[in-house]
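> Sequence:
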Amino acid sequence: MLKDVLYDAEDVVDEFECEALRRKAVKSALKSDFGLTEQIFDRHVIHREREMTHSIIDASNVIGREQARDNVIETLLRSVDGENVSIIPLVGIGDQLQRTLRGALNGRKYLLILEDVWSEDPRKWLELKTLLMGGAEGSKIIVTTRSQRVAEVMGTVSTHNLSLLSHQDCLSLFFKCAFKGQQGKQNSNLKIIGEEIVNKCKGVPLAVITLGSLLYSVTEREWEFIRDNEIWKLEQKEDDILATLRLSYEHLPSYLKRCFAYCSIFPKDYEMDDIELVYLWMAYGLVQSSNENQELEDIGFRYFKELCSRCFFQDLTEYGGNVKCKMHDLIHDLALSVTQNECSMVRTSTQQIPKSVRHISFPYPQSLPNDLPESLQNLDRVRTIWSINERGEGISSEVFIKKFLKI
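If you count the sequence shown from 1, position 211 lands on 227 in my numbering, and the numbers rise without skipping.
No lab work stands behind these hints, which were simulated from the structure alone. Heads up, the beta-carbon is just placed ideally off N, CA and C, and yes, glycines get one too. It cannot be assumed that every hint is accurate.
In the DSS-like style, the derived pairs of lysine-lysine whose C-alpha atoms are separated by at most 30 angstroms in a straight line are [what the hints assert, rightly or not]:
| no. | residue 1 | residue 2 |
| --- | --- | --- |
| 1 | K216 | K192 |
| 2 | K284 | K216 |
| 3 | K321 | K192 |
| 4 | K249 | K192 |
Cβ pair distances, simulated, as ranges [claimed, not checked]:
| no. | residue 1 | residue 2 | range |
| --- | --- | --- | --- |
| 5 | G301 | Q184 | 25 to 35 angstroms |
| 6 | S182 | E311 | 13 to 23 angstroms |
| 7 | A120 | D314 | 20 to 30 angstroms |
| 8 | E311 | R165 | 46 to 56 angstroms |
| 9 | I158 | R118 | 35 to 45 angstroms |
With the hints as constraints, model all of the structure from the sequences given.
Next comes the structure, spelled out in structure tokens:
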């Protein structure tokens, strides 16, 4: 397989680079290290001002969900005696969160929104319901999920199933993403091609947004390429849009493909930090510069902004100069599908890990047994070991002794 040959070549190059670095380190050890600490400090205090990244869709202008919104509001107001519903912000973790929750809800009417729930464990839901029993009559809870099983486990009243977007709403959303208010670019040919592409999206908003963003500021020929792509002919389930999303991935430049695929090491719904992400890309060698005057950090942040503009990242927020974001769960599925057996999340000690794996992540290292590293000793091609715990607690140091390990 061509990819395996390329990886073998990469490993050989890495061996040469490691040996060169070893020899350089030996020579450097003979020289004075005076001033090194100051240089490192100066390096870390450099602040690069970056343009704030924004979502493609204006949250104040929601398209095609007016009826669903009205239905939810009607349900919330049903049996309410005229008092306003309280919306309570909750901050904290563990026992602190439980105390905060009990105190905030005690005797009050509240609205609690649980967004994008995936846990199907009825015990966890019962524990949460126990904490919610202190509220006043008329309190409401909204749960959003793509899993019918989650809705059943939670014992909800009637569910509100979001219907597919209408054709007209899809067109409006698609052209909003594809032209971004530049009406002059909406020539008749592009509108015709756009309608044909939208028809293939089958009313799925994520597919419409992703493809619309992909086609922003590109040529008519590229629009035709997307419309006529063979991937549309693949047999798909009615609600399966992975093949459609794959079109957006295949249309990325190679440097963005590698950076996006690397994000599959993170668990679903993980909040990524732009600085952390860029430095991970740099450490793995995914950020390259052909101009010595360009800083790798600047190039990496440009990669990040490009992936944001193409809707591969969402829920963008700014904290103290850092940009936080997430991947939609279907976009995360896409990242996993393109990496295949290259990435593996280790959740249990009995999990089978492919020998071809190159990136390993431990989303919950504290729950893993101490003997877990023994099952990883035969994985000779691992390049990345990542833990959601920044200090790596719960992972033996033995797992980091890998020949080709970079991160």
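> G301 and Q184, beta-carbon distance inside 25 to 35 angstroms?
46 angstroms, violated
> With respect to the beta-carbon atoms only, verify the hint that I158 and R118 lie 35 to 45 angstroms apart.
Violated - the Cβ-Cβ distance for I158 and R118, about 20 angstroms, lies outside 35 to 45 angstroms.
> Between the alpha carbons of K321 and K192, is the straight-line distance 30 angstroms or under?
Distance of about 19 angstroms is within 30 angstroms: holds.
> Given the hint that K249 pairs with K192, does the C-alpha gap stay at or below 30 angstroms?
26 angstroms, holds
> Could you see if the CB distance from A120 to D314 stays within 20 to 30 angstroms?
Violated, since A120 and D314 (Cβ atoms, about 44 angstroms apart) do not stay within the stated range.
> Take a quick look at whether K284 and K216 sit within 30 angstroms of each other, Cα to Cα.
27 angstroms, holds
> Is 46 to 56 angstroms right for how far apart the beta carbons of E311 and R165 are?
Roughly 48 angstroms apart at Cβ, these two residues keep to the hinted range, so it holds.
> Taking 30 angstroms as the top limit, are the C-alpha atoms of K216 and K192 close enough?
18 angstroms, holds
> Is 13 to 23 angstroms respected by the C-beta to C-beta distance linking S182 and E311?
47 angstroms, violated
Going through the hint list in order, the structure does not satisfy hints 5, 6, 7, 9.
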